[in-house]
Each structure stands twice: as C-alpha cells, then as structure tokens.
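Novice: If you're matching positions, the sequence shown starts at 1 in my numbering and goes up one per residue.
Among the hints, a few may not be true.
[As the list claims (entries may be wrong)] Just the calculated beta-carbon pair ranges, DEER-fashion: (1) Asp5 to Ser29: 17 to 25 Å; (2) Asn22 to Arg53: 13 to 21 Å; (3) His30 to Glu6: 32 to 40 Å; (4) Ala26 to Pro51: 31 to 39 Å; (5) Ala4 to Leu33: 16 to 24 Å; (6) Ser29 to Pro51: 33 to 41 Å; (7) Leu13 to Glu55: 14 to 22 Å; (8) Gln16 to Arg52: 17 to 25 Å; (9) Glu55 to Ala19: 23 to 31 Å; (10) Leu49 to Ala4: 32 to 40 Å.
Keep in mind that the hints were calculated from the coordinates and are not lab data.
Note that CB positions come from ideal geometry on N, CA and C, so glycine has one too.
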Amino acid sequence: MIMADELTFMRMLRDQLTAQANLLEALTSHPTLVGAGRERAVADMLRGLIPRRYEVLSGTILGQHDDGSPQKEERHWT
Numbered sequence: 001m002i003m004a005d006e007l008t009f010m011r012m013l014r015d016q017l018t019a020q021a022n023l024l025e026a027l028t029s030h031p032t033l034v035g036a037g038r039e040r041a042v043a044d045m046l047r048g049l050i051p052r053r054y055e056v057l058s059g060t061i062l063g064q065h066d067d068g069s070p071q072k073e074e075r076h077w078t
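Using the sequences and the accompanying hints, generate a full structural model.
Specialist: And the structure:
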C-alpha cells in the first residue's frame, strides 16, 4: 500500500518531469532534441534517487501503451 507521503512525492516528481518536457517543447519542435532532453531529465532525476553504486546510462522508457523506440540501447551491468 502506498502511503500519502509517497504518493505526494511521486506526483511531485511527475509534475517536475512534465514541466521540463513542456519547457523543451516550447523551445523547439525538433523531435530528436525534445526526446534527448526528456531522456536527460529522467536520467538526472533517477541519479538523484538511486544509490550511488548504480549508474544511469541510457535505456528505454515505456508508457502504458508504448512499444518502445527504435533507438538501440547499450546496457552495462555491474
């Protein structure tokens, strides 16, 4: 069961990422730049949340109805 404080925290993270995505779209309509900026925002957020022994490099983020991107991801596991 998710506690109220955890739900509030998750909503704040969602709102922060949404604001960053909207800002990028306001600056440019170039899909590659917008996508790269969104990926960077998510990676930066994850770096602040996960233990330092893990490293955020790249990956695919899927929404509920997404099939993923055609970009080839490189994965490193330690």
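Novice: When the structure is checked against the list of hints, which entries are broken? Sort them ascending.
Specialist: Per hint list: 1, 2, 5 and 10 violated.
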